[in-house]
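Read off the chains here:
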Amino acid sequence: MSLLEVCNASYDYGPKKVFADIGFQINKGEIFCIVGPNGCGKTTLLDCVGGLHKLKQGTVLLNGQNMTRLKPPDVARQIAYVPQGHTKTFPYTVLDIVLMGRTARIDLFSSPSDEDVDSAEQALKLVGLAAFKDRPYTQLSGGESQLVMIARALAQEAPVMVMDEPTAHLDFKHELEVLETVVQLVKEQGLAVIMATHFPNHAFYFENNRLPTAVALMADAAFLAVGAPNDVLNEENLRTLYKIDTRVLTHQIADFGEIRQVIALRTLENKKRE
Amino acid sequence: MSKVKIKTGMLLIILPLIVIFIALFMGRYPLPIPLVAEILWAKLTLGASGVPLKYETIVWDIRLPRAILGALVGASLAVSGAAFQGLFRNPLVSSGILGVSAGSGFGAALAIVLFNSTAHIYLFAFCFGGIAVLLSIMVGSIYNTTPTIMLVLGGVIISSVFSALLSFLKYVADPYNQLPTIVFWLMGSMASVRYQDITIAGLPMVIGLAGLFAVRWRLNVLSMGDKEALSLGINTKLNKGLIIFCATLATAGAVCVSGIIGWVGLIIPHIARMLVGNDNRLVIPTSMSLGACFLTFVDTLGRTITGSEIPLGILTALVGGPFFVYLLKKTKGKGW
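Sequence order for the protein chains is A and B. Each residue of the first sequence is one higher than the one before, starting from 0 at the first, in numbering that gives the first Met the number 0. Each residue of the second sequence is one higher than the one before, starting from 0 at the first, in numbering that gives the first Met the number 0.
Think of the hints as simulated: they come from the structure by calculation, not from any bench. Note that this is a predicted model, so its numbers are computed, not measured. There could be a bad hint or two in this list.
Unchecked claim - Below, computed lysine-lysine pairings styled on BS3-like, alpha-carbon distance capped at 27 Å:
| hint | chain 1 | residue 1 | chain 2 | residue 2 |
| --- | --- | --- | --- | --- |
| 1 | A | 186 | A | 27 |
| 2 | B | 329 | A | 124 |
| 3 | A | 53 | B | 236 |
| 4 | B | 226 | A | 132 |
| 5 | A | 55 | B | 226 |
| 6 | B | 236 | A | 55 |
| 7 | A | 242 | A | 15 |
| 8 | B | 6 | A | 15 |
| 9 | A | 87 | A | 55 |
| 10 | A | 87 | B | 226 |
| 11 | B | 6 | A | 132 |
| 12 | A | 132 | B | 2 |
| 13 | A | 16 | A | 186 |
| 14 | A | 87 | B | 328 |
| 15 | A | 132 | B | 329 |
| 16 | A | 132 | B | 4 |
| 17 | B | 226 | A | 27 |
| 18 | A | 16 | A | 53 |
| 19 | B | 2 | A | 70 |
| 20 | A | 271 | A | 242 |
| 21 | A | 87 | B | 236 |
| 22 | A | 87 | B | 329 |
| 23 | B | 226 | A | 16 |
| 24 | B | 226 | A | 53 |
| 25 | A | 27 | A | 53 |
| 26 | A | 70 | B | 226 |
Said to hold, decoys possible - Derived CB-CB ranges, DEER-like:
| hint | chain 1 | residue 1 | chain 2 | residue 2 | range |
| --- | --- | --- | --- | --- | --- |
| 27 | B | 126 | A | 56 | 17 to 27 Å |
| 28 | A | 85 | B | 175 | 57 to 67 Å |
| 29 | B | 90 | A | 198 | 29 to 39 Å |
| 30 | B | 169 | A | 85 | 39 to 49 Å |
| 31 | A | 266 | B | 240 | 49 to 59 Å |
| 32 | A | 257 | B | 7 | 53 to 63 Å |
| 33 | A | 109 | B | 43 | 32 to 42 Å |
| 34 | A | 198 | B | 320 | 44 to 54 Å |
| 35 | B | 90 | A | 12 | 55 to 65 Å |
| 36 | B | 5 | A | 189 | 53 to 63 Å |
Glycine residues also receive a C-beta, built at the ideal position from the N, C-alpha and C atoms.
Go ahead and model the full structure; you've got the sequences and the hints to work with.
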């Protein structure tokens with residue numbers, strides 16, 4: 000029995016089909032990346048996996064249990080969700096934000112206990128922001144905010160973490176920082192991470208770090224291919240998926256071993272024009 | 000519980016009590032503090048005070064119920080405003096956003112035109128306040144993809160409908176008798192308050208206040224937006240419903256005895272945030288305490304400075320506005 004299993008999942012907005020008959024599974028200490036063009040339904044799929052939307056057909060099994068039978072706090076204890084964009088309204092302190100990760104473990108009429116505060120501080124330490132706990136989170140940079148959101152998800156102490164484009168809008172370094180944090184969490188905490196991303200290189204990054212990684216290429220309401228990045232992210236598949244020419248390169252780098260990356264060369268439209 | 004927490008809690012409870020006590024000896028008929036203390040002591044110990052009955056009546060039967068109700072009304076309006084601001088993730092929202100005030104105003108005017116008895120005014124104001132909120136929720140749930148914005152929009156629409164109906168009632172009301180009553184009611188006053196008003200209107204207010212106090216931490220989570228709150232494990236429909244119910248109960252209870260008092264439900268929560276930050280665990284109790292102090296104080300002022308009472312709705316803004324600006328300057332908008 001896997002930690003999380005999605006079977007025959009379908010979703011539509013009325014007549015508009017978003018995805019149909021999709022299935023995958025994930026276990027402790029694994030990463031599952033979903034790659035695909037804008038509007039292919041990645042976010043909707045993640046919302047369904049995270050219990051925010053109900054699948055029109057199919058099931059999400061959490062430890063073999065059908066998710067539709069679980070109440071919101073039961074789901075939240077098993078799946079933590081890191082949203083794509085977060086609108087900040089009130090300038091809560093960083094610790095207050097991370098404490099919200101404890102919601103599923105706090106009764107309706109209660110407030111967080113000292114243990115909850117401890118776990119929130121622990122989560123902040125894991126993402127390297129322990130010193131930020133009393134800062135208003137509205138004053139943080141994009142990268143720091145994203146790490147706070149990850150810390151909040153960590154405070155949920157759920158075995159599965161769902162991340163929707165966690166590196167969107169981040170600069171070169173902060174992107175790497177988030178990826179490093181994810182690698183560390185999967186390696187050390189045994190987290191299972193499901194992540195939507197626009198960058199095939201993210202999947203390679205995890206594989207390069209020797210994590211058990213699977214990647215799904217999503218297009219036209221279905222998975223075009225699923226498998227290890229090395230097998231799936233090839234030039235042919237990427238041409239079908241994005242209509243671009245690419246080259247997958249392998250380097251030997253001291254201290255890092257074999258590193259694989261894909262570079263984009265040109266769009267097919269441009270090729271025709273030439 | 001740390002010591003700071005206990006101290007803050009004590010302060011928040013004691014502050015309104017002090018203001019209520021001040022309200023007992025201030026007025027057009029000032030009484031010396033020892034006399035007031037003697038009356039209170041005698042009443043609380045059920046003994047005879049030896050103070051002339053006239054003074055006893057002023058303190059115990061006229062000023063005390065009014066001060067207590069003022070504190071309840073202020074706390075209710077302020078805390079509903081704070082709750083709605085968090086729930087709707089919008090700092091410009093006040094306790095009347097879902098139409099309670101407009102609905103109550105219409106209800107009161109209707110009762111004045113039809114019956115002109117206090118009991119009917121209470122009942123109608125309270126019920127129409129609730130009806131207005133229900134209608135707003137119904138309008139808000141027609142189009143369900145962005146529930147929060149639609150709910151606010153529903154509130155705005157229903158409020159404007161009830162305002163229009165109120166204008167119509169003013170137009171048809173007897174201009175010598177009923178119209179002034181409606182206008183004065185709308186300006187807000189607690190001049191006619193007695194103990195029985197506390198028992199009638201106090202119940203919904205106390206239930207609402209207690210409910211909002213109990214779920215105060217959840218407000219933080221709900222202010223993250225529906226989607227995130229759900230992903231954090233909150234049954235958003237149930238929790239939002241509970242908060243709207245409590246806030247409506249408190250506000251309708253307040254409005255039906257005091258009339259429309261603006262300002263408190265919008266600005267007191269902001270003052271609370273300037274003082275204690277944004278965590279609703281603190282904002283809610285602080286809003287309650289400050290709201291209670293502020294309204295009791297303003298009401299006392301309103302019946303002290305001139306012979307005929309100045310309506311509350313006028314004074315809250317006149318007194319509160321400058322105070323808000325002063326605080327803004329002093330704290331440099333801390334928390335914002």
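Status of each hint after checking the structure:
1. A:186 <-> A:27: Status holds; Cα separation ~10 Å.
2. B:329 <-> A:124: violated (35 Å)
3. A:53 <-> B:236: holds (15 Å)
4. B:226 <-> A:132: Holds - the C-alpha atoms of residue 132 of chain A and residue 226 of chain B are around 24 Å apart, at most 27 Å.
5. A:55 <-> B:226: holds (18 Å)
6. B:236 <-> A:55: It holds: about 21 Å lies between the C-alpha atoms, which stays within 27 Å.
7. A:242 <-> A:15: holds (23 Å)
8. B:6 <-> A:15: violated (58 Å)
9. A:87 <-> A:55: Violated. Residue 87 of chain A to residue 55 of chain A sits at ~31 Å, over the 27 Å cutoff.
10. A:87 <-> B:226: This hinted pair holds, its Cα atoms lying about 14 Å apart.
11. B:6 <-> A:132: The hint holds at about 23 Å.
12. A:132 <-> B:2: holds (21 Å)
13. A:16 <-> A:186: violated (37 Å)
14. A:87 <-> B:328: holds (24 Å)
15. A:132 <-> B:329: Between residue 132 of chain A and residue 329 of chain B the Cα gap is close to 25 Å, so the pair holds against 27 Å.
16. A:132 <-> B:4: holds (19 Å)
17. B:226 <-> A:27: Judged against 27 Å, a Cα distance of about 26 Å means the pair holds.
18. A:16 <-> A:53: Within the cut-off at roughly 14 Å; holds.
19. B:2 <-> A:70: The hint is violated at about 37 Å.
20. A:271 <-> A:242: holds (12 Å)
21. A:87 <-> B:236: holds (21 Å)
22. A:87 <-> B:329: holds (25 Å)
23. B:226 <-> A:16: holds (22 Å)
24. B:226 <-> A:53: OK: residue 226 of chain B and residue 53 of chain A at ~13 Å, within 27 Å.
25. A:27 <-> A:53: holds (24 Å)
26. A:70 <-> B:226: holds (15 Å)
27. B:126 <-> A:56: 17 to 27 Å: violated (45 Å)
28. A:85 <-> B:175: 57 to 67 Å: Hint holds: Cβ distance 59 Å, inside 57 to 67 Å.
29. B:90 <-> A:198: 29 to 39 Å: holds (37 Å)
30. B:169 <-> A:85: 39 to 49 Å: Roughly 46 Å apart at Cβ, these two residues keep to the hinted range, so it holds.
31. A:266 <-> B:240: 49 to 59 Å: holds (50 Å)
32. A:257 <-> B:7: 53 to 63 Å: holds (59 Å)
33. A:109 <-> B:43: 32 to 42 Å: Holds, since residue 109 of chain A and residue 43 of chain B (Cβ atoms, about 34 Å apart) stay within the stated range.
34. A:198 <-> B:320: 44 to 54 Å: The hinted range 44 to 54 Å holds for residue 198 of chain A and residue 320 of chain B, with Cβ atoms some 53 Å apart.
35. B:90 <-> A:12: 55 to 65 Å: At roughly 32 Å between Cβ atoms, residue 12 of chain A and residue 90 of chain B fall outside 55 to 65 Å, so the hint is violated.
36. B:5 <-> A:189: 53 to 63 Å: violated (41 Å)
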